[in-house]
Amino acid sequence: MSSVIAVVDYGMGNLRSVSKALEHVAADNQQVIVTSDADEIARAERIVFPGQGAARDCMKHLNDRALTGVVLQAAHEKPFLGICMGMQVLMAHSEENGGIKCMDMYAGDVCAFADESLQTQMQSLKIPHMGWNRVAHKQAHPLWQNIAEDSRFYFVHSYYVAPDDDSLVAGTTEYGIEFVSAIARENVFAAQFHPEKSAHDGLQLLKNFCLWQGHV
Amino acid sequence: MALAKRIIPCLDVDNGRVVKGVQFVDIRDAGDPVEVARRYDAEGADEITFLDITASSDDRETIVHVVEEVANEVFIPLTVGGGIRTLDDVRRMLNAGADKVAINTAAVFNPEFVREASASVGSQCIVVAIDAKKVSGEGEPLRWEIFTHGGRKPTGLDAIEWAKKMVGYGAGEILLTSMDRDGTKVGFDLPLTRAISEAVSVPVIASGGVGDLDHLADGVLKGKADAVLAASIFHFAEYSIHEAKQHMADRGIEMRL
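If you read the protein sequences in the order shown, they are chains A and B.
Counting along the first sequence from 1, when you hit position 176 you're at 176 in the numbering used here, and nothing is skipped either side.
Counting along the second sequence from 1, when you hit position 90 you're at 1090 in the numbering used here, and nothing is skipped either side.
Read the hints as simulated data drawn from the structure, not as lab findings.
All figures in this text were calculated on a predicted structure; none of them were measured in a lab.
We put the CB at the ideal spot given by N, CA and C, even for glycine.
To be clear about the criterion: a stretch of chain A counts as covered by chain B if any three or more of its residues have a C-beta under 8 Å from a C-beta of chain B, and this derived list gives those stretches: (1) 47-58; (2) 171-184; (3) 199-205.
Capping the alpha-carbon separation at 20 Å, the derived lysine to any residue pairs in SDA-like fashion look like this: (4) A:207 <-> B:1072; (5) A:20 <-> B:1038; (6) A:20 <-> B:1034; (7) A:126 <-> B:1222; (8) A:126 <-> B:1160; (9) A:207 <-> B:1073; (10) A:138 <-> B:1002; (11) B:1164 <-> B:1198; (12) B:1224 <-> A:124; (13) A:126 <-> B:1170; (14) B:1224 <-> A:125; (15) A:126 <-> B:1221; (16) B:1165 <-> A:125; (17) B:1185 <-> B:1221; (18) A:20 <-> B:1039; (19) A:207 <-> B:1042; (20) A:126 <-> B:1002.
If you anchor each label on the Cβ, the simulated ranges turn out as follows: (21) A:112 <-> B:1198: 13 to 23 Å; (22) B:1095 <-> A:216: 33 to 43 Å; (23) A:66 <-> B:1243: 45 to 55 Å; (24) A:39 <-> B:1155: 45 to 55 Å; (25) A:148 <-> B:1161: 40 to 50 Å.
Model the full assembly from the supplied sequences, consistent with the hints where possible.
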């Protein structure tokens, strides 16, 4: 029986890279679909929730398409992978665009690298944080399988998540400060970096997700 | 700091083939873009940039197909530039699988386009390509201006002011090419690279003039570039990407090896 991996399409950025990378590593009986249909998302066995751009647009598009509920529901019950903005909007609130209420799956904020106190500490730090940086594993997780500690992944972002609960943290990265670059709890894993653009290790993470049953 | 500096091989694509000219003339064929991209990915390229140098807009579809084919099997960031003039062009390239688009001439003639594009698809997708040429004479303070049409047409715009303006308009990255150095193999214009890199808050990619591996390292160490772009030294297999990265690492630069 074929099992569906649904990539949630809510009009935020290019999903082709994500779907092509998933197709590249998915098992023969797995089908990758890109969809904005709530029923398809509800029926899928696994959910990938990507996104890029601004938090305000992201929340607006989710709400306009009435997808917030079905995405949150999925995040409570099946293997769920958030990527980049798809990680950030799981938090309660983002500093971006003058302050945006997010999906509130997890308590905590999304903070700007450009915050003044950080800038002085980091001097001439370039924003966005763009390029290949190391990810330290902060919890053992099936999605880290066959990925070495401190492997490099591709990042491009100006904001980072700061969850209230430290036990959510699955990976951290240094860019002037140490920030949270992956979170995980129960059936949810989310990453600030782009596994679909991170060559071999990124594909390995996606492959691990395709195999993951949603248990830590 | 754990963020690695990037090596970006650049593929100048004309009519579906990779070509490389010396200062925009004397074009040599360097192969099929998909094969070349695959090889660079295997050698550890951090990103790949395609510049569509096809003169006629009739062939615009060709580059879309090239991007699609590469994106299907190469899972590192892809940038496409050349002939990006409208939001429609931007979206078409992103939908084909590009992660970023480089806007060059259109930014000079219509700076608002950069603002529109970054507002629409996000700054992280918008690279502004700057072609700069030294205009100061011997003994004068260094000064560079923006040129268009492959370095032939001066605009009177000061390169540093222009770079700052483009970042203000939403450019997420600057691709800086020295038109004096492009194709010469004598190294980047380091004072230019450093001046721009220190003037803007976003990453700067140095381009134009790479002839050996020390040039790449100098671009980072002396030019303060966040990434270095080169074409011919990789196309004609003078050096592999891996050799280049190892050499830069040996000179103390943080690299993804």
